[in-house]
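In this text, residue positions in the first sequence follow my numbering: the first is 1, and each later residue adds one.
No lab work stands behind these hints, which were simulated from the structure alone.
Glycine is no exception: its CB is placed at the ideal position from the N, C-alpha and C atoms.
A portion of the hints provided could be inaccurate.
[Unchecked claim] The list that follows gives simulated cross-link-like pairs (lysine-lysine, BS3-like), each with its CA atoms no further than 25 Å apart:
1. K271 / K228
2. K336 / K124
3. K92 / K445
4. K163 / K152
5. K540 / K336
6. K136 / K124
7. K124 / K269
8. K152 / K199
9. K630 / K152
10. K98 / K124
11. K136 / K269
12. K92 / K136
13. K373 / K98
14. K445 / K526
15. K228 / K163
16. K373 / K630
[Claimed, not checked] Pair by pair, the computed Cβ-Cβ distance ranges are:
17. E331 / D781: 23 to 33 Å
18. G335 / K271: 21 to 31 Å
19. E479 / L585: 27 to 37 Å
20. R329 / K124: 22 to 32 Å
21. D607 / M144: 50 to 60 Å
22. E191 / L645: 54 to 64 Å
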Amino acid sequence: MQNRPHALPAGDGAQSSIAARAVGALRREAAGYLDGLNPEQRRAVETTDGPVLVLAGAGTGKTRVLTTRIAHLIATGRARPYDILAVTFTNKAAREMKTRIGALIGPAGEGMPWLGTFHAVGTKILRRHAELVGLKSDFTILGMDDQLRLMKQVLADQNVDEKRWPARALGHAIDGWKNRGLSPEQVPPGEGSAFAFGKGGALYTAYQARLATLNAVDFGDLLLLCLKLWRENPDILENYQDRFRYMLVDEYQDTNVAQYLWLRLLAQKRKNVACVGDDDQSIYGWRGAEVDNILRFEHDFPGAAVVRLERNYRSTGHILAAASGLIARNESRLGKTLRTEDALGEQVTVTGAWDSEEEARTVAESIESFQAKGHPLSEIAVLVRISAQMREIEDRFVQLGLPYRVIGGPRFYERAEIRDALAYLRVTANGSDDLAFERIVNTPKRGLGDATLQQLHGYARAERVPLLLAARRLCETDELKPRVRSTLRALTDSFARWARLVESQPHSEAAQTILEESGYTEMWQKDRSADAAGRLENLKEFVRSMEEFPDMAAFLEHVSLVMEASEAEGAERVSLMTLHAAKGLEFDTVFLPGWEDGLFPNQRALDESGRAGLEEERRLAHVGLTRARKRAKLSFAVNRRIHGLWSSTIPSRFIDELPESAVDVVEAPAHFSAGASRFDRNPQPFGSSYGTPGWQRAQANTGGNLGGNLGGGGGRSAAGRGFGASPGGRGRAGGPREIEGELIAKSTGSPSAFSAGQRVFHTKFGPGTVAGVDGNKLTVDFDKAGRKMVLDSFIQAG
DNA sequence: ATGAGACTCCAAAAT
DNA sequence: GGAGTCTCAT
1 MQNRPHALPA GDGAQSSIAA RAVGALRREA AGYLDGLNPE QRRAVETTDG
51 PVLVLAGAGT GKTRVLTTRI AHLIATGRAR PYDILAVTFT NKAAREMKTR
101 IGALIGPAGE GMPWLGTFHA VGTKILRRHA ELVGLKSDFT ILGMDDQLRL
151 MKQVLADQNV DEKRWPARAL GHAIDGWKNR GLSPEQVPPG EGSAFAFGKG
201 GALYTAYQAR LATLNAVDFG DLLLLCLKLW RENPDILENY QDRFRYMLVD
251 EYQDTNVAQY LWLRLLAQKR KNVACVGDDD QSIYGWRGAE VDNILRFEHD
301 FPGAAVVRLE RNYRSTGHIL AAASGLIARN ESRLGKTLRT EDALGEQVTV
351 TGAWDSEEEA RTVAESIESF QAKGHPLSEI AVLVRISAQM REIEDRFVQL
401 GLPYRVIGGP RFYERAEIRD ALAYLRVTAN GSDDLAFERI VNTPKRGLGD
451 ATLQQLHGYA RAERVPLLLA ARRLCETDEL KPRVRSTLRA LTDSFARWAR
501 LVESQPHSEA AQTILEESGY TEMWQKDRSA DAAGRLENLK EFVRSMEEFP
551 DMAAFLEHVS LVMEASEAEG AERVSLMTLH AAKGLEFDTV FLPGWEDGLF
601 PNQRALDESG RAGLEEERRL AHVGLTRARK RAKLSFAVNR RIHGLWSSTI
651 PSRFIDELPE SAVDVVEAPA HFSAGASRFD RNPQPFGSSY GTPGWQRAQA
701 NTGGNLGGNL GGGGGRSAAG RGFGASPGGR GRAGGPREIE GELIAKSTGS
751 PSAFSAGQRV FHTKFGPGTV AGVDGNKLTV DFDKAGRKMV LDSFIQAG
């Protein structure tokens with residue numbers, strides 16, 4: 001079975017000597033890129049045939065191995081670019097691989113048609129064989145929002161109380177099944193009936209039926225339908241098995257069962273599959289990822305070569321020691337020991353704060369002092385466990401005028417204005433896209449409300465036609481009120497006109513026209529709310545980005561799979577993101593706030609998955625620490641707002657799991673005015689939380705006593721700061737934060753373009769009036785947010 | 001049909 | 001603290 005035709009062109013006797021020499025030269029030159037690899041990396045690259053598992057610890061050159069391996073396969077003539085299947089999880093990773101391969105072997109690496117995310121590759125395959133799985137090749141890929149709306153409809157159809165069984169939960173269940181590669185018939189009966197009094201399975205079936213009538217798929221289907229296609233059509237499967245002579249998988253520890261099955265089907269025949277991953281960085285279990293996939297690799301692919309990459313090129317000794325010591329507590333792991341030849345560097349610092357506001361302040365201020373010492377902001381990141389932690393930190397950044405960017409926030413295509421714009425284009429391109437139609441019939445408001453929509457639905461269902469067509473036909477009858485009829489007719493006529501427009505005009509111009517004629521752009525222009533300006537910007541960017549695609553169809557395809565915010569790169573900004581979003585990134589200095597039990601490790605992870613959950617949280621901590629090249633700064637607060645209420649917290653158990661020698665317990669810098677405002681909202685005395693062995697050591701180091709000074713306040717005593725003080729014991733002091741902001745924030749001295757009394761607009765706080773000017777720092781009375789101190793660069797004239 | 005204001009339940013992570 | 005929903009008045 002293992003015949004490998006023409007592995008090396010140079011060995012082909014029929015070739016002329018000139019060609020042979022040229023190939024030889026190519027190989028000699030190409031082989032140069034092997035030089036910089038360490039022995040393990042080299043083995044990972046050169047073990048080309050048969051199954052290979054590369055266990056690549058954090059910072060050990062994983063991407064380098066992957067790209068070099070591809071270059072190697074091509075340069076040695078084992079494969080041509082289109083013979084190689086390389087799958088990643090994110091578009092970013094795919095893009096990076098493409099560029100790096102290009103850099104290695106030049107234009108030869110271009111056009112690797114099968115390098116992409118699982119979903120992109122799946123889509124490509126499905127488009128070719130759509131009929132075989134009951135679709136038309138122009139099927140639409142639904143985003144989360146469409147999916148949710150579909151679920152709601154299904155729930156309503158089946159008379160399920162949406163209060164008790166929310167659409168989200170159904171979505172979760174169905175996603176879960178799809179992640180495990182289960183079609184509706186394959187769902188274990190017990191599980192299927194767990195949802196909505198036994199209706200779970202039926203709902204899944206109904207949902208799939210709805211998708212089918214809409215000629216649509218969701219993300220899960222992109223993989224699931226490939227499985228179906230291959231299982232039912234062995235000839236097609238074999239075709240792909242032959243086509244993909246070599247396969248590479250990035251982040252193998254994140255594959256779910258469906259992806260595993262997908263890969264196994266493809267790899268079955270040739271078994272040239274190289275999986276690269278790190279079991280210690282598996283942090284997507286909740287999304288269906290199976291660490292087992294990587295733990296079981298050698299079992300699944302007997303005779304697999306296993307290569308461990310343990311030499312870390314990123315972090316200093318102390319950071320690596322901290323991360324290694326922590327992860328060593330996990331039981332389910334293959335086991336690697338990262339080592340570095342770097343200096344020990346700075347110890348990992350641990351700092352306690354009285355509450356989350358103080359923690360945020362400390363983080364922001366120490367970033368500011370790093371900046372003052374000449375550290376570029378782009379080399380500083382703040383990594384949080386949950387996105388709800390971001391708000392307080394952002395507030396602080398805004399007040400200090402520290403430029404920051406949030407990474408992995410709401411994706412560009414998930415924003416309302418982009419989804420609306422897309423919906424217009426989707427209906428224009430495909431009049432049977434009911435979900436898109438529904439989304440925008442009454443956006444902007446046209447007076448086509450629920451009642452009208454019900455009517456449309458009724459007709460559409462009875463006549464089995466799409467909503468747009470139903471609308472058109474209903475306008476011919478007198479079933480509609482005159483007013484409704486004329487608006488509806490105007491809308492359907494517009495869509496007909498726009499469809500012609502797309503044919504006759506460059507698609508981005510057509511899109512621009514559609515957004516204007518529909519009144520959509522105008523809707524935001526009229527909107528006086530804080531974020532309208534930003535939304536118009538996004539729309540502009542949206543239209544602009546279309547130019548990069550040959551036609552509307554190509555654009556819509558791209559957009560349904562990827563579409564990320566295109567932010568100006570390289571700007572001098574602090575990065576703020578969740579730990580999950582941080583995977584794959586690195587920074588000189590990394591702040592890790594919120595190391596408190598319950599938050600991190602997250603209580604829900606513990607409740608739902610027990611020890612496995614704890615281990616995943618620990619891996620997350622390990623990921624966080626290993627993002628840092630030179631400095632890692634942990635912190636925790638003993639009081640934190642959760643759901644708007646203050647509660648006491650205790651330091652994360654992970655803190656005590658760090659090796660003592662790698663850690664330095666640091667006091668938070670002293671403050672003048674800590675802001676009395678926080679005490680009056682603190683209903684819980686400290687005594688309500690349990691003591692932790694974890695904290696005692698750190699506390700001893702700060703010279704505090706049990707339950708007493710938690711080291712956050714520097715100069716102030718615990719008692720003086722209201723430890724155990726009764727709620728509301730102190731009056732609310734008006735605006736100490738602003739005073740503080742003034743003390744801390746530096747003015748550049750350059751004169752501001754704004755003057756007192758002027759109306760201005762802030763992207764976060766909305767409209768306001770300038771109360772005072774100090775260089776480039778303004779004091780502004782915001783209409784909604786009150787008086788704040790902000791940098792004028794965040795402000796526009798209003 | 002629409003908008004304002006009250007009310008509920010919530011936030012874990014994302015292709 | 002905030003998004004989404006609900007209710008009521010216009």
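With a cut-off of 25 Å on the C-alpha distance, tell me whether K630 and K152 pass. violated (49 Å)
Pair hint outcome, K271 versus K228 [Cα-Cα no greater than 25 Å]: holds (21 Å)
Hint says 22 to 32 Å; check whether the CB-CB distance for R329 and K124 agrees. Violated, at about 42 Å.
Can the restraint linking K373 and K98 be considered satisfied, given a maximum Cα separation of 25 Å? violated (37 Å)
Is K163 within 25 Å of K152, Cα to Cα? Judged against 25 Å, a Cα distance of about 11 Å means the pair holds.
Given the hint that K228 pairs with K163, does the C-alpha gap stay at or below 25 Å? Not OK: K228 and K163 at ~34 Å, beyond 25 Å, violated.
Starting from the hint 27 to 37 Å, judge whether the C-beta atoms of E479 and L585 obey it. Violated, since E479 and L585 (Cβ atoms, about 57 Å apart) do not stay within the stated range.
Has the given pair, K373 with K630, been kept, meaning a C-alpha gap of at most 25 Å? holds (15 Å)
CA of K136 to CA of K269, is that 25 Å or under? violated (29 Å)
Hinted pair K92 and K445, Cα distance within 25 Å: violated (37 Å)
Straight-line Cα separation of K540 and K336 no greater than 25 Å? Given that 25 Å is the threshold and the Cα spacing comes to 48 Å, the pair is violated.
CB-CB spacing for K271 and G335 relative to the 21 to 31 Å hint: holds (25 Å)
Taken one by one, the earlier hints fail for this structure at numbers 2, 3, 5, 9, 11, 12, 13, 15, 17, 19, 20, 21, 22, listed in ascending order.
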